[in-house]
Every structure is written in C-alpha cells, then in structure tokens.
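Peer 1: Top to bottom, those sequences are chains G and U. To convert, note that position 110 of the first sequence is 110 in our numbering; the numbers rise steadily by one, no gaps. To convert, note that position 628 of the second sequence is 628 in our numbering; the numbers rise steadily by one, no gaps.
With beta-carbon atoms standing in for the labels, derived distance ranges:
(1) G:P140 with U:S397: 30 to 38 Å
(2) G:Q325 with U:K118: 52 to 60 Å
(3) U:R561 with G:L12: 40 to 48 Å
(4) U:G386 with G:R313: 23 to 31 Å
(5) U:R561 with G:L31: 52 to 60 Å
Sample of chain U residues with no beta-carbon within 10 Å of chain G, all distances over it, derived:
(6) N67
(7) N106
(8) E110
(9) V178
(10) K271
(11) K306
(12) Q398
(13) I494
(14) S513
(15) I573
(16) Y597
(17) H619
For the record, the hints were derived by calculation from the structure and aren't laboratory data. For glycine and all other residues, C-beta sits at the position ideal for the given N, C-alpha and C.
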Amino acid sequence: MHLKEIENQAILEIQSSKNKEELNLIKIKYLGRNGILGEEAKKIPQLLPEERRNFGILFNQVKKTIEKFLSEKEASLQEQKIKSVLDLTKPGVKIFAGFEHPLAQAEEEIIKIFSALNFSVVEGPELEEEYYNFDALNIPQNHPAREMWDTFWIKKDKNQKKNLLLRTHTSPMQVRYMLSHYPPLRIIVPGRVFRYEAIDQSHSINFYQVEGLMVGKNVNLANFKFIIESFFKKFFRKKIEFRYRPSYFPFTEPSIEVDIKIENKWLEVMGAGMVSRHVFDAVHYNPDEVQGFAFGMGLDRLVMIKYSIPDIRLFYENDLRFLKQF
Amino acid sequence: MKFSYTLIQKLIPEIKSKKQVINALNDYAYEVEDLKGNSFDVKIPANRFSDSASHLGIAREISAILNLPFKYEFNFNVKGEKENDFLVNIKDKNLCPRYTALRFDNVLIEDSPSWLQKILTECGLRPINNIVDILNYVMLLTGEPMHAFDFDKLAGHKIIVRRAKQGESILTLDGEEVKLNENILVIADSQKPVAIAGIKGGAATGIDKTTKRILVEAANFEPSNIYKTYKAIGLPTDAALRFSHELSLNLPLLALKAAEKLILEIAKGKKCGFYDSLLNKKVNEQKVIKFDIEKFNHFIGINLEKSKAELFLKRLGFKKVKGDLWQTPPLRLDILEHEDVFEEVARLYGYNFILPQMPEVSLLETQLNDEISFKEKIRKILIGFGVSETFNYSFVSQKDLENNKINFKDVFELLNPISEEFKYLRPNLSINLTKAAFQNLKFFETVKLFELGNVFLKNQKEQEIKKLGIVIASKKENKFFELKGILDELFEKIGLEDFNFVEDGLNQLKIVSENNILGEISHLEKEFYLALAEINFSKLLTFVQTKFEFQPLPKFPLVWRDISFFVSRNFKIGDIIQAIYNTKLRFIENVELIDEYLNEHNNENQSLTLRIVLNPQDHTFTKEEVDQIINKIITILQTNFKIKIR
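Just chain G, same shape as in the assembly (with noise of 0.2 Å):
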C-alpha cells in the first residue's frame, strides 16, 4: 500500500471511532512497534538510495499527520466525555399539577365503590320545596319531628304559593327518583345540604351527604347489612367492627343508627331503615308489593375520619396548604 493511502485509511478510522479504547486500537495498528508503518519501515534497506530520502520524507509526514489526528480526536473525545456526563442528582424540574379537594375525591371514590355494586349515581337540587324535603318523607308541618332538621328557609316572594328552602339532606331525592322510575332501582345521590347551625369544628352550615336507596321485591335488612358493610370496609381498608342502634327517622320504618369502630373507636357514621310505606304511598308505589332500605351518611364526616382531620370549616376554606395535602 502506498504511504498516502495507509494515511488516508487510518484518517478514515481516528475520525469514525467512538472512545478512547477504540482510538487505542487504531494508534497500535498504525503506529505500534509491529504496526502498518513500521512494517513500512522495514521496506527502507530494500529501497535504492536516492529512493530512501523521498521515502523518508514523506514517511516522517504521515507519521506525524496521523499522530495529529489522533491527539485531535483525543481531545474532542475527552471533551465529549465531559460534556455528556451529567449529574443525575440534580433536582427535576418543577411541574404544577392542582390540588384535589378531600371531599371531592372521597365523593368519586364513593360513587366507585356503589357502582361497583350495582348502584346508579343520580343528583338532584339543592333548592328544595318544603313537600319533598318534609312532607313527602312523613314529615309534616308543625311536628315536632322536624326538629331533627335546622332549616334555611328562602324569604317568599308576594306570588310565591310554594316555600322554598335548602335541602336539610338529600333524602328528598329518593321521592324524586321514585316518582320517575319503577322498581327495582339502586341508587345513591351524592351533593351539599344545608342545616341552620352555628359554625364550629364540627359544623358547618353546608356539608355534604351521600344517600342510598334500594327497592325492589324481596330487598330486606340483612341485605342492607351487606351492602353497607361492604362499602365500609372498601371506603377505609382498614379493619372495622359495625354496631346497629335502633333510631327514629319519620321515613323509614325500622328505623336504624349504624356506628362503626376505628382504631378503638366508635363513630356514629349513618342513619338507615327499612323505607316506609308513607314513602312509598307518596311515590305512588305500592307498599305490600315492595320493600327496601335508604341510608345517609355525613361525608365530610367520613373524611374527617378517614385523615384524621379535627375541623370541618377546613374544608370550605380553601386554603391551598391544607389542600395540597391530598
């Protein structure tokens, strides 16, 4: 091989390698002591006189022009070493995602569970009128039994025949629903309600409920068990004992108070029954031909429990250091 050629060859190869190992390599092939051109070398004794001197000559420039090459790309090899070695312990960059409300995602965590169970999800106004807040659940007026409920009432306009008010639980809506829809039905219906109530850690004038109806032919208390036995302790994974209490509530008959023990704890966390058959009178159901239970329970409460949370104003005061918790 011509000494050009042997250059432009090992030119070709430093410019292609990629570390400092192969460039090693390609410096032994070219300049090492049995390399290509000390084979070259060995040609000299063999040459004629005035052929050693241009041999020579040109044997010392592309022995020199290689080494140039291979120190260049020693250099730039080393320079991308340094380039490409980063320092992974740095922090990432800063990306904003928002807040989750505790509330709100306790309310889909709920709604999840029920339909998991073969529940549908309904919603209905927070406006209400006095009949399907009260009188529709057997609660009429002027009875003591309305006590239960501290209630919001909306100043009447001059034309106005219905009294409005807030909803004091999401009770009316298992009128609603019925009213529009045959047995058998499952539901729950998630939303705020509203109680006249002085504001403290355990109060608050809006909170959320979440309720429960199940009605069909052969629906009865010891199914109620199930259902809510499950939903609890899917909501809290964790271990919890149940105590039924009996309770009053106008809209269901027997009447039931649910408490469940945390951490050593009882809580009173729902109230249930048995739908009563003024309730199904009102829907128009027929009372000897269907049965099945309604429940409601606090949510804001099931939160409070679930982390530990000592205030309900909390919740509706938005600050973002307490929201970013969750």
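Please build the complex by placing chain U on the supplied structure of chain G, with the hints as guidance.
Peer 2: What follows is chain U alone, placed relative to chain G:
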C-alpha cells in the same frame, strides 16, 4: 330528657345497675347518655312521647329488653262523681280533645317528702311545694303534664277552655307578661285567662302557702297548635315540649289516678269533685294488627321462629286477640301498621344479630348521570393544568352583592340567615372564588382555583344552575391569556368543537357556542391581577360533541410561513386571525400568533408575526403554490387592515 335511676329501680326492683339500664336501652331502644349521680339522659324519638317520655314507659322498655318482671296496672277507669262545685266549658274541642280535673279540699301546703324531692332533682326539676312537686312527679312517672289552680282564685269557679282574644295577656308563674292572640288556646275562668293551655300556668291562680282548695288539671291538647304557640311566644316549657307531640287520650286519667293517691297521702287533702269531658266515653286507641311471621322474615332477612317472635311481642305488652292478630300495648300510638310491629320484634331480636346477606337480585343497567362523569373529567383536566379544586360556601353577603353590582331582585334571600355574611344564596361562583384566591395570595405568588358548584338566580328559567368557575390571581402579572389558553385546551379536551370568544365590553369576553352564551371570561386589577371565568356547566355539556370521527393523518407534509407586519392597534388581533380563516381557503390548517411587539415610541402600531400552517391535502406543495396562497392572504390583510409587511 332526664331520668331518675332511683325511680326506675323502684319500678323494677330486680334491676342490677344503672350501667345495665343504659346498655339495654342503647342497644335495643333509645340513645342514652350517662349523667352524674343517679341521672341519665334519654333521647325520646318524636313518635314515642306518648308511651316513653315517662318512667313508666322506660321501665316497660327495660322489662321487655331484659325480660324482668314489671307490674303496673294501666287502668284508665276513673269513677265519676256526679256533683261538682265547678263548671267546665270546652269551647274548642279540636284544640282540646280531652279535659279532666279533680277537686281537693283542705290540702296542706308544705315541702314535699325527701324521697320525692330526690327524684325531682335527679330529673333536673326544682322542688317547690308538695302539690306542685306531686304533679311534676306524676308527669315524670306517666308523661302527662298537669297543672293545679288555687280554686278560690278562680273567678266564678269556672274553667273555660277557649282561644284567647286579641289584646288579652297573662302574667305567668315565672312573672313574665305574655301577649295573647286568637291562635293561642287558654284556660280561663269567668273573667280572664288563667293559663296558656299546655304551656304555662298564670300567676294569679297559682298555689301558695295559704291555698286550701285546689283544682288539678290533666288534659290533652292538639299538638301542632301547642308547637306553633310555644314557638311563637318563645316558651319551650317541659309541658309544651311534651304536648307538642301526640299523646294518648288515656294519659290524663292515668295521671289523675296517680296524683289523687299522692295528694291524699302527702297533702292530706279530701277529694270532692271530678270532671271528664269524655266521661263514660270509651277511648280505645289500641289497634289490632296482624303479625305474619313469614312476611316478617322476608322483610328483615332472618329466619325467626314464630314462638320466639310471640314471646317478644308479649314482653312488649302486646296481647294476642286470636290467631295472628295482636292488640298493641296501651299508650303506644306509634304502632299503626305491621311494619311497626316488625320493628318491635326485630329490635328485641337485636339488629346486631342479623347476619349480613348478599342481595339476590337481577342486575340493572346502571346510569352514571352524564353530568357526574363529565364533572369528573373536567376536574381531572383542570387539576392537570395546575388549577386547584375548592369548595366554597353557598352564601354571600349584602356587601358582596353591592360590590359586584348584582341586582337584589335576582337573588334568593334567606328568611333566617345565620349571619350577615351568609344572607343570600350565591348568584355566581366568582364572588367566593375571588375571596378564596385573595386569602391564598398571602402564601403564594400565583393562585389558580376552580369550583364546580350550584348557583341560584331568581326569575330565570332555571333557578338553580350548575357552574364551573375558574380564577387565576397573581401579584405579578395579568393572567388573562393563561386562563383563556386553559379554556381553549379544556374545551378541546372535552370535545367542545364550535366555540368563540366574543368581545363584551372592555374587560370581558363572552364564550359563545352556536349562538348560545356558555359563560364569560374577564379580568380586573385591584390590589392584584385577577382573571375569572364562569361557565354554565350543564349548558356546556349539551354542546359537547359526543360523536367523534377519526380524521385521516395528512398524506403530504404540512408547510408553514411566518408573516410579520405592522398594523394599527385599532384593529383587534382576533379579527385579523379570523379574517384569515374567513378567506375559506381550504388549505389553511391553522393560524397562530407567534410574536407581538409594541414600539415604545410609536404606540399606534403594533408588530405581529403570524404563522400560517397549510395542508396541501392531495399533493406536495411547490414553493410557487405556497407563495401564491400567502400572497393572497397578505393582499386581503392589506385591504382590510392596512398592514405593512416588515
């Protein structure tokens, strides 16, 4: 309602401890709270005042629950005396279904015996004198509030039960002057009201040390009138609270019998007259109801033997008439239907012993209300965009409405607001969202919040509207365009295809889809920069395209050209961009504003750079074709907006 363990023990001697009583009641009857000493508090449900707002009633419950003997004769027969030296006239029989009274002579007024005082004190009552104390004791025992008049102070020796006359008033035993009206039932003598019926006695006819002859009243009053009256005059006395519940018509006689015995015994009086407005009329309130064990087991979901169920019924005081027919216990006005009987048997069986049972039902097609799933989607998107979710109060103040120039006529006002701060129903989300943002600016440079909630407006097609509100507040800069960008991308993501922002005044744009206003986006500068958007959430849902068709990917490369030009600031950027779309050149894929610049010295003109993206659709564009299209656009902009290409 406070109860005395001493008295319960007297009624059921076999009871072991107060703890036993409390646990039994809590698990099988009523919510009970332990109190200091020999007292405990029972939450009597509204439908159980007739039988259970009394020590007899609670004792009956305890004996049924614990299966302990309890003997008390519920005998409602009081023998009538024919000769009376007083007259009773009931003018309103609807408001006073029964009036009974006993007369005593030669009573000795003194302090009551200590055993009686002890029981009163345990129930939170203050001993006064033997007659008053006996009547209070009988109320605690039977649940029937009673009243005693000094017979010699009753003008004409007459009792008239009538509605008060407008202008009448009464000085109560507590020394309070109460103005009366026609809605209020009173007990009067021949001259004046001597008691507010079922609520409070009058001072003029009260018992004192000199009293010798008394008239003892036990009556029944129409509950809702008592309820309305005590609310109206603000006198929630013990009697009023009891009488506003439906009480048995037999209670007055039970109470009179108990009182008679004690007055003769303790106050040494002599009985000399009796009156009953329902004299010799048999009042039978006890119902006969069928108890079907199969129906019961089907309802509750257990398999209880009939004999066991019957034992429970007997313990509760039900009497078997024949077959499956049972007579309800005396005073139990709450048992009207077979479900009421089921409740009795089920609770004595114990709700805690019912085994949970998986429902065996056919599956139903579940509906997840569209709005609920849509809500979840929007929440997730906004949170991903860095906007945080808030829940604000549904109320606003008068000042809020004034500051936001909202017409009071359009807003629902509460009849009974809890405070000035929460007097009206919120007509929008922005008011409270802005407050929440402002609070948070104390701790953050920029605050981005949203809320999905209901607002209330009068005189609209819908008085309750679901809304989405978003606010961005910043101490540093105007975030209007960030909010506008968030809306653009949000609408894109939820599939709202056709929408426009239309100018609406200087600081606000309307969000319009197919000629319908979906909401507004606006900005204002106060102590900080505020950008606000409020959108009708339900309406938004109706304009979202649920039908979505795949669009083929472009076959030929998209090309773009940037055009930079000067244009007068009198022209709106939105109009310029819209004008390019309006050329209806089918190749125009997209027009973006990529740069804007305002010369400090020449404020009249602005410099804009628009990127026009072209989609050739069926072939690869040549340079000449692109030039031709862009030149066409430039010509149009030159004509319409007098632009000068840079």
